[in-house]
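K.L.:
Assemble the whole structure, with the sequences as input and the hints as a guide.
Just so you know, the sequences run in chain order Z and L.
The numbering used here applies: residue 3 is where the first sequence begins, and numbers increase by one.
The numbering used here applies: residue -3 is where the second sequence begins, and numbers increase by one.
Check each hint, because a few of them may be wrong.
[Said to hold, decoys possible] Now the stretches of chain L that chain Z is said to cover, found in silico as 3 or more residues with beta-carbon under 8 Å:
1) 85 to 98
2) 150 to 157
3) 168 to 174
4) 274 to 288
5) 316 to 328
6) 335 to 349
These aren't lab readings, by the way, just hints derived from the structure by calculation.
Built from N, CA and C at the ideal position, the CB exists for glycine as well.
Spelled out from the first residue to the last, the chains are:
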Amino acid sequence: MDIELICLLSMLGVFLLSNLLFKLPVSISMILGAVAGALVGGEGIPLRHLAEGTFAYLDTSLIISTAMLFMAAIEESGALEALSSSIVRKFYKIPALMLILLVIVVMFPGMITGSSTAAVLSAGALVAPVLLLIGIPKEKTGAIICMASIMGMAAPPINIPAMLIGGGVDMPYIGFDGPLFLMTIPAAIFIVLFLGLKYCKNMKIEELEKSLDTETGKKYGLKLYIPILVLVALLVLSKVIPSFPQLGTCLIFLISAIVACFTGKRFNPWKKALDAMETTIPVIAKLMGVGMFIQVLTLVGARGWIVVSSLSLGLAFVYFASCTVMPAFGAVSSYGAASVMGVPFLLVMIQNGGCSDIVVASALSFLCCLGDIMPPTALAGNYAAQIVGLKYKPVLKNCIIPFVVCVLIGLMVMLNSSALGFLAR
Amino acid sequence: MKKIPKHIISALIISLVVIVLVIYLGFVFSSQKEAEPIYPGPGVTDIKMLSYWYPELKDTSGDTEVYILDSGVEGASMLVLGGTHPNEPSGFISAVMLIEWCEPEEGVLYVIPRANNSAFTCTDPLEAAPTRFYIETGNGERWFRFGSRATNPIDQWPDSEIYVHASSGQKLSGSEVRNLNRAYPGRTDGTFTEKVTYGITKLIEDEKISMTVDLHEASPEYTTVNAIVAHEDAVGLANMMLWMVEEDLTISVEQSPKNLHGLTHRELGDYTDTLAMLMETANPSQGRLHGKIDSDLVVSGKDKFYLRASSYGALTVPYSEDGISLTERCARHITCLIGLCDMYDGDDGYISLGWDMPTYDEIMENGIGYYLADPE
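P.N.:
Okay, structure coming up:
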C-alpha cells in the first residue's frame, strides 16, 4: 500500500473520529486530520504549511464576513421585508413567472462575482423571505436559494472554475457563455419549479397581505433600496468597465452596508456587526481548516495519489469521476476541485479526442460548482440554511434531486460536446 | 479576590499561543525574502537594476537585477528572462548559468534571472512547495529559492475576481492578475505586476533588443511542453533553430495564438520590435499528479506517480524511471538559446554566446551544477 494512501486514510480517519465520535467542530477536526497526515507522512507538525494553507481562503473569508455585514444591515433597515412584500404584490398572479424571476434574481450576484456565497448572502437573503411568504416551506426555500446560487456561480459571464480549468491548459475564457447558459438556465428553471411551484397554486393575496409589512416601504419609499442599488451598481460597474476602480467585493459589500445604516429604520450598527460576525466565524474557521487539510494532502503526496488513481481507471472512469469525485471534492473546495481534478480530467478527454474542449471545460466547471453543496463545508447550503433559520441537513436533503438532475445535465453535455461545439463559437 | 472565569483563562491561553505562533511564523515567512547569491562570471560587464529603465520600480520588490554581458563586438542583442514563474526552476537556473558561465563573443546578452522578483519571496498556498532547493556544484552545495507562480500578495492585493487584461480586454481568472506572464506589455498606471512588465518592455524598446526568450516549465501532462512558442515574426527563426538542435532533442515550434493575451510571446512581439519567444520544458514538480514535493523532486524530477501516469498514457512527454532532471531541463533551454543565437541573422548583426558554451551532451554528462560557480 502506498504511503500516500496511508496518509490519506489517517487524515480522513482522524477527521471523522474527531467530528463524529468526539463531536469536535468540523474546523478543529480538519486541523487534527491535517496534523495526523503530516505526522504519518514524516513531516512532523509543519507549522509553516498549516499557516500557508489558511491563506488560500483569506479573500473568501473576507467576502463572507462583509457580505454578512451587508445582509444584517439591510435586514435591520427594513429593506428586505419591504422588497419581499412589493415583489409578491406585483407578481402573485403568475406564480411560475414569479418564481423564475426570483431565481434569476438569486443567480445574478453569482453570475457577476462567480461566488455562490455572494449570491446566497446578497440576493438569496432578499428572495428567501418572499418564498417563505408565498408558502414554500423553509427547507425547500433553503434548497431553492442554495441551488440557484450555485447556478449563478456556474452561469456566465463569470465562472471561476471554468477560468481555473481554462487557465490550467492555457485556454482563454472565450466561448464559454453558450455552453454555460445551456446548462444553468434550464437547470435553474427546473429547480425552482420542481421545489416551489406546487406551493404557489393556492396562494391568496388577501391572506398574504396581512403578514406583509407595507408600512416600512411607505415610510421610507425608494430610499430604502439605495444600499441594494449601490451594491448592484458597484458590482456591475467594476466588472463591466475595466477603467472603473477595482474596489473588490469586500469593499463593495462594506460600502453598501454602511449606506444601509442611513436609508431606513435606525439600528445599532456595532451590535449588528458583532452578531453577524458571530454567525460567520464558524464558517471562516471551517475554511481555514480546509486550507490546512489540502495543504497537507499535497505536502504528503496524497493529492497526487487521488488524481493519478482516478486517471488509472480509464476514460469511462474519468467521466464517472467528473460526475462524482469532482463535485464531492467540493466538500473541500469547488475551486480546488477545478484546479486539482478539472485540469487533468480535461487533458485526458482532449487527448482522447472527439470532443469540444470548451464545451467539456464548461461542463466540468458546472460539475465543480455543484461541490458548493457538499458537506461538511457546503458553503451555499450552510448560508441558505442560516437564512431560513434551519440546520443545513434538511436543506441539503431537498437539494438531492436537483443535484442529480444537474449532474446528468453536465454528463450529457460532456458526452455530446462535439455536437454542441457550435455553442462555443 | 474575585476568581477569573475559566473561559476567560482559556481565551487568554489560546490568545497567547496564537500571538507566539504569529510572531514565529512572521519570521518564517519573512525569511523567504532572502535571495540566493548569484556570482557574476567573466562575461558580465555590467549589472543594472530594472528601475534604470523604469525608475518607478526603484526600492520596490519589483526591481530586479539585469545582468549585461557585452562582448565588445558590435552585433545583435538577446534578452533572456528567467524566473518569470519562480516555481519553474529550469528557467531560473539556466539564466543563472548564463550569468556565471557565458562569455559572449559577438553582440550583447541581457539576462534577468528573477524577472518576477516579488514572486520569489513566497510560495503558493495549497501547493506545499519547498522554499529552497539544492544543487551540487563542483565544490559544494548551493541553495536556490523556489517561489510562487505569481507576485507576492504583500506587493499586490487583493485579487479581483476577474482579471481583465488592459490592452486587449481579455478576461481571465482573478488569480492571474498577479501572473507576470499575463501582464505584458504592462502600463504605468496599472498594478504592481503590470509595472514590472512595463519595465521589461521599456528595457526591450530602449536597448533595441533583437530577440527575447522567456524561459518556462510546465507539467508533463500539459499540452504545450518541450516546445517553443514563437510570435509570428519569430517563427522562422525558431524553425531554423529546430533544424539545428533536432539531433540532440525533440522539440516542437508552436505559433503564438493571437487570442491569448498578456504573454511575452504575444505582446512583446506585437508592441516592440523584438522577436519574442517562450520555451517550455517538462517539470514533474508542477501540475497535480506528483507525489510528495521537495528539493529532491525539483532537482531529480523523479516521481512515482508521474511514472504511473505515463503508463496510463496521461502524459504528453516521454517519462521513465530516470525522471526528467533539472539538468536535462536546463540543457534543453541552453541548447535552444545557443541555437537561436547561431541562427539569428538580422539587420543588426549577429550574436554569439561564445565558444565555451557546453553542448547538450556535455551538460547531461557533467550536470548543471558543473556550470554554476562554487559557493563562497
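K.L.:
The structure should be examined with respect to each hint, and the outcome stated for every one.
P.N.:
Status of each hint after checking the structure:
no., hint, result
1, 85 to 98, "violated (count 0)"
2, 150 to 157, "holds (count 4)"
3, 168 to 174, "holds (count 5)"
4, 274 to 288, "holds (count 6)"
5, 316 to 328, "violated (count 0)"
6, 335 to 349, "violated (count 0)"
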